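There are 2 protein chains.
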Amino acid sequence: MKRLNFSKKRDAVLKVLCSTKTHPTAEWIYAQLKQEYPDFSLGTVYRNLALFKKQGLVVAVANVNGQERYDGVTASHSHFVCKRCGSVFDVEAPGADFELDSRIARRYGCEVERHNLCFYGTCSRCRQEEESGEQTKNVSV
Amino acid sequence: MKRLNFSKKRDAVLKVLCSTKTHPTAEWIYAQLKQEYPDFSLGTVYRNLALFKKQGLVVAVANVNGQERYDGVTASHSHFVCKRCGSVFDVEAPGADFELDSRIARRYGCEVERHNLCFYGTCSRCRQEEESGEQTKNVSV
DNA sequence: TCTAAAAACGATAATCATAATCGTTTCTAT
DNA sequence: ATAGAAACGATTATGATTATCGTTTTTAGA
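Protein sequence lines correspond, in order, to chains A and B. If you count by my numbering, then the first sequence holds residues 1 to 141, one letter each, in order. If you count by my numbering, then the second sequence holds residues 1 to 141, one letter each, in order.
To be clear, the hints were calculated from the coordinates, so they are not data collected in a lab. Computed from a predicted structure; not experimentally measured. Every residue, glycine too, gets a C-beta built ideally from N, C-alpha and C. Wrong hints could be hidden among the right ones.
[As the list claims (entries may be wrong)] Think about it this way: if two alpha-carbon atoms lie no more than 20 Å apart in a straight line, the pair counts; the simulated EDC-like pairs of lysine to aspartate or glutamate are:
id: 1; chain 1: A; residue 1: Lys83; chain 2: B; residue 2: Glu36
id: 2; chain 1: A; residue 1: Lys83; chain 2: A; residue 2: Glu131
id: 3; chain 1: B; residue 1: Lys83; chain 2: A; residue 2: Glu111
id: 4; chain 1: A; residue 1: Lys83; chain 2: B; residue 2: Glu111
id: 5; chain 1: A; residue 1: Lys83; chain 2: B; residue 2: Glu68
id: 6; chain 1: B; residue 1: Lys83; chain 2: A; residue 2: Glu68
id: 7; chain 1: A; residue 1: Lys21; chain 2: A; residue 2: Asp90
id: 8; chain 1: A; residue 1: Lys53; chain 2: A; residue 2: Asp101
id: 9; chain 1: B; residue 1: Lys83; chain 2: B; residue 2: Glu131
id: 10; chain 1: B; residue 1: Lys54; chain 2: B; residue 2: Glu68
id: 11; chain 1: B; residue 1: Lys137; chain 2: A; residue 2: Glu99
id: 12; chain 1: B; residue 1: Lys53; chain 2: B; residue 2: Glu27
id: 13; chain 1: A; residue 1: Lys8; chain 2: A; residue 2: Glu36
id: 14; chain 1: B; residue 1: Lys83; chain 2: A; residue 2: Asp101
id: 15; chain 1: B; residue 1: Lys53; chain 2: B; residue 2: Glu68
id: 16; chain 1: B; residue 1: Lys83; chain 2: B; residue 2: Glu130
id: 17; chain 1: B; residue 1: Lys21; chain 2: B; residue 2: Glu131
id: 18; chain 1: B; residue 1: Lys83; chain 2: B; residue 2: Glu129
id: 19; chain 1: A; residue 1: Lys137; chain 2: B; residue 2: Glu111
id: 20; chain 1: B; residue 1: Lys54; chain 2: A; residue 2: Glu130
id: 21; chain 1: A; residue 1: Lys83; chain 2: B; residue 2: Glu131
id: 22; chain 1: B; residue 1: Lys21; chain 2: B; residue 2: Asp90
id: 23; chain 1: A; residue 1: Lys137; chain 2: B; residue 2: Glu113
id: 24; chain 1: B; residue 1: Lys53; chain 2: B; residue 2: Glu111
id: 25; chain 1: B; residue 1: Lys83; chain 2: A; residue 2: Glu113
id: 26; chain 1: B; residue 1: Lys137; chain 2: A; residue 2: Glu113
[Said to hold, decoys possible] Which chain A residues face chain B? A few, computed with CB under 8 Å, are given here:
id: 27; residue: Val91
id: 28; residue: Gly95
id: 29; residue: Gly109
id: 30; residue: Asn116
[Claimed, not checked] Over 10 Å on every C-beta distance to chain A, these chain B residues come out as not near it, computed from the model:
id: 31; residue: Cys18
id: 32; residue: Lys34
id: 33; residue: Phe40
id: 34; residue: Ser41
id: 35; residue: Thr44
id: 36; residue: Arg47
id: 37; residue: His77
id: 38; residue: His115
id: 39; residue: Lys137
From just these sequences and the hints, can you work out the full model?
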């Protein structure tokens, strides 16, 4: 196994991801960091996100419009994806926890590492906008 | 809204997808159809899968190694994805049903169309192979 | 503190699954 | 039967992500 060196920029990627609840894209994380470090590279964001995923520090929760959305919160929780505006936010779904993982493992003889539960639909803000006749422009999920 | 014409090949795409439990990729569906119709095009598979998704006849359940995995069964059920061999199979997770959708809708004021619950880990066959010392070659999820 | 080997980086090019294009073929309402 | 729309095959374009490679940074050990 490769030895890990400290890296200021790697830390910065994780810090940006963990300091937002927007479940951002790699591109968005890059845009934030580019302001602080003008020589930041998009490759560094992807490289470290991949590393964090392998380490279990970060999880890709959904793919919206062809772009992966990341989450730095590993505690068990679920997500809602709005097909209209593309926003992703946390929801708490009763029963979707580690206990469920081990129940599946027991029943199917597999080893369950984690699960991902996503709800798809229209968020409350978009529902209101639709009622007041605003133009819909859906997102692909 | 566009009028829909009948199409033999469109039907064939849905039929192939619905006649397997492997949750195949677009490429796999194409390979099957290419045998029956030597002039089948991969674009036709993608075009119709996109249409089916919009109609709610088909759902993309997981992305394994960068390829979307499709399911023609719309009845509420969950999936397990093996990170070792990449197989996807149905599992039944208690509580993950339409009732859960409306519970989330009520609590968060959103409209929930569907949900997707995926478990990630190692399937029972791969666990055995790992024990008998076979080489692991993980898949990306 | 210095140094060399390994790790991480920036810039850029490559990959490749999927989407779009466009001229031709197939449907279908009339 | 026929015209207009829809679907197709073949092909190209897209764009998010990954890989490459020469340079810079980190760090273990002298």
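May I ask which of the numbered hints given earlier this structure violates, with the numbers listed in increasing order?
-> Per hint list: 1, 11, 17, 21, 38 violated.
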